[in-house]
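Colleague: Sequences are here, hints too, so could you generate the full structure?
Taking the numbering used here, the leading residue of the sequence shown gets 297, the next gets one more, and so forth.
Warning: the hint list may mix true and false statements.
Stated by the list, open to error - Straight-line Cα separation of at most 20 Å, EDC-like style, residue types lysine to aspartate or glutamate; simulated pairs:
1. K766 x E866
2. K766 x E850
3. K355 x D343
4. K378 x E431
5. K378 x E349
6. K371 x E433
7. K663 x D637
8. K661 x D359
Stated by the list, open to error - Pair by pair, the computed Cβ-Cβ distance ranges are:
9. A678 x E617: 27 to 37 Å
10. F837 x G863: 17 to 27 Å
11. R483 x Q771: 28 to 38 Å
12. K528 x D342: 26 to 36 Å
13. H927 x N332: 31 to 41 Å
14. K766 x T384: 56 to 66 Å
15. R559 x R435: 22 to 32 Å
16. P452 x I380: 50 to 60 Å
17. Q771 x A878: 14 to 24 Å
18. A621 x E731: 17 to 27 Å
19. R514 x R687: 34 to 44 Å
I should point out that these hints are in silico values taken from the structure, not numbers from a laboratory. No residue lacks a Cβ here, since even glycine has one placed at the ideal position from N, Cα and C.
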Amino acid sequence: MQQFSRITSACILTLLLTVITLTGCVTTARHPALQNADLPPLIPLDDFFDQSEVRHSYKISPDGRKIAWLAEHQKNINVHVKTIGEDTVHIINTHSWCNINWFHWAQDSRHILYVLSAGSNRADHMYIADTRNPEAEARNLTPDAKWYAWLETISPADPQNILVAQNKRCKHCFDIYKINLETGRNRLLARSYKDVLQWVVDLKGNARGRILVTSDNRQELQFGEPKVYKWKPVKSWGLLDDITVIGLTPDEKGLWLLSNHQRDRISLVRLDLQTRTETLICEDPVADIESVGISTITGKPLVAYASPDYPKTYILDPQLEQDLAVFHDLTPHGLHILSMDDKEEQLTVRIMSDRNTRFYLFNRKTKHKKLLGTSRQPADSAKLAKTKPVRFKSRDGLPLNGYLTLPHGIRARWRPMLPTVLLVHGGPWARDQWEPDRMVQFLANRGYAVLQINYRGSTGYGRTLLEAAKGEFAQAMHNDLIDAVNWAVAQKIADPDAIAIVGGSYGGYAAMAGLTFTPDVFTCGIAINGVASWVDFLKQFPDDIPLYRRYGIERWYAYLGNPADEGVTEDIKRRSPLYAAAKATKPLLVIYGEQDRTVRAEQSEKMIAALRKHGKPVESRKFDNEGHGIHWIHNSKILFQEVAHFLSKHLGGRW
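Modeller: Next comes the structure, spelled out in structure tokens:
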């Protein structure tokens, strides 16, 4: 009977989705602020998942003769290739059921490298495809990888080989292998012994150093000779310092690093290998430096990227800065260099807005920029809403940054207070950014103001914001979300009687916490793959966890507590919504995946059972074939529609 009920519900929901897709709208808005608003036509659900307009990741080949990019073909995202100046487009046949999300040109300008999941364990493997024979089946270069493999280095000096990290020898050991592109032969170059976090590789493809986790829980930089397993310690940092190796300096006497060692924000620095001192190269006054581009000709940094509000690009090379001035009229925008040819004369550039993303081929000599393509989501971007940065202080004075998206057609001057969704990002050590977001635009089109806040514990804004979350689960971290709601109400943006809290993973936890710890603040909540019990979550970590994974585990213990310590378990329970279910008064929708290995399905199921035990309003949706996050397009459509229906019922937006 229970199985029949699930099947019947799925069929009814599928029928509803079909009707909604054909008619565009089932209900009109009930919230007073939306009834007379000049809202744009309802964008059909299918438009938000239409991949026919998706184009991205344009990259020029090293020889500067070809362009490759990702776009839809036969309902999947595949690699497309064309010769510059010609019209014929070749599509790489990946012979796969899923999308390609990432690819890279091999140095020979002939082969394309990409990653796909394969095998019964769904391990990520490195594949190689031949652009001269795009219909030929791609070869798996890492068939023995037990979990996943990633591209470590492509050396301009060695076009026949690439360096790949994979756990072929041991499931906990991500060793470096040199792989020949023609034969596929794997040759072990450097062993990791379960403890290596990062490798230092020079431009010739030689492993020169490594950063590993020591037995006393520190990160240690070592240089030496992998072949004879002799390593010399150079410098060490705390385990929770953020250290990322960018590459060796041209004279090989230093390293380019992203580091927040003895500073608040992650910055680009030069580490002198002799004196062990760090010299600042580039920093943002508000945000962390997120990534850096290095010249393969000079070995020096060319660009650095940060996201204080709108995306920000620091051009570190004076000539490159002068060349890229032709893009300065496209503001506000995020400018990102996606690729360069070997001569660094031709570039592919991404210009991003909150409505679409444009891609250009730019010639530094002629200063000519050619539009390669535009990626829209959904196709009719004129109906999309604008996302703007916001900034305010928490009740204890901590600066908080976030983003506000108001429904298109709502006039700011006469704007009534709107039904609002507080959309909480996961992590918690992650962040929201100014970028096209499918869920944000879907909710705004349905009539909701969408507020996203980088609460304490978020990354991207320095150590102070991150570490302010220590010991503050369900306390100051949650207060930041409540302060965001109060700010939106005070600004006359949010209707205090029509506010939902929605999120996935940690955001799902925040939604459960919002309805149990602060039941009077929110009208309803939606928790997707959320943590209900931190005690159960922390028990997932095995005793024999490898050293290289201690970084993540130690951060959880530092911020939340170690259940093995005396008296900690009861404190962790007090921060878990599962044990406060009786306090809930408002409706909660729980969505989760049966195959979730990060936040196990039992977390959601225990929360549902606890709420029902106390007679609290709760709805649920389980996806049998999903893990941590809802990824299949069909399931995503169902999720979006359930979210829209639930919010319409409780907040009065369109459905």
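Colleague: Cβ-Cβ distance between K766 and T384: within 56 to 66 Å?
Modeller: Since the Cβ atoms of K766 and T384 sit about 57 Å apart, the hinted range of 56 to 66 Å holds.
Colleague: For the pair supplied as a hint, K766 and E866, confirm whether the alpha-carbon distance does not exceed 20 Å.
Modeller: holds (17 Å)
Colleague: Given the range 17 to 27 Å, decide if the beta-carbon distance of F837 to G863 lies inside it.
Modeller: With a Cβ separation near 19 Å, F837 and G863 satisfy 17 to 27 Å, so the hint holds.
Colleague: Please check whether A621 and E731 have a Cβ separation lying inside 17 to 27 Å.
Modeller: Holds, since A621 and E731 (Cβ atoms, about 24 Å apart) stay within the stated range.
Colleague: Compare the distance between the alpha carbons of K766 and E850 with 20 Å, and conclude whether the hinted pair is satisfied.
Modeller: holds (12 Å)
Colleague: Would you mind confirming whether the straight-line C-alpha gap from K663 to D637 stays at or under 20 Å?
Modeller: holds (15 Å)
Colleague: Regarding the pair K378 and E431, is the alpha-carbon distance no greater than 20 Å?
Modeller: holds (15 Å)
Colleague: Regarding R483 and Q771, is the given constraint of 28 to 38 Å on their beta-carbon distance met?
Modeller: violated (52 Å)
Colleague: Straight-line Cα separation of K378 and E349 no greater than 20 Å?
Modeller: holds (18 Å)
Colleague: Can you let me know if the beta-carbon spacing of Q771 and A878 is within 14 to 24 Å?
Modeller: holds (20 Å)
Colleague: Between K528 and D342, does the beta-carbon spacing fit 26 to 36 Å?
Modeller: About 59 Å separates the Cβ atoms of K528 and D342, which means 26 to 36 Å is violated.
Colleague: Can you tell me whether the CB distance of R514 to R687 sits inside 34 to 44 Å?
Modeller: With a Cβ separation near 35 Å, R514 and R687 satisfy 34 to 44 Å, so the hint holds.
Going through the hint list in order, the structure does not satisfy hints 3, 11, 12, 15, 16.
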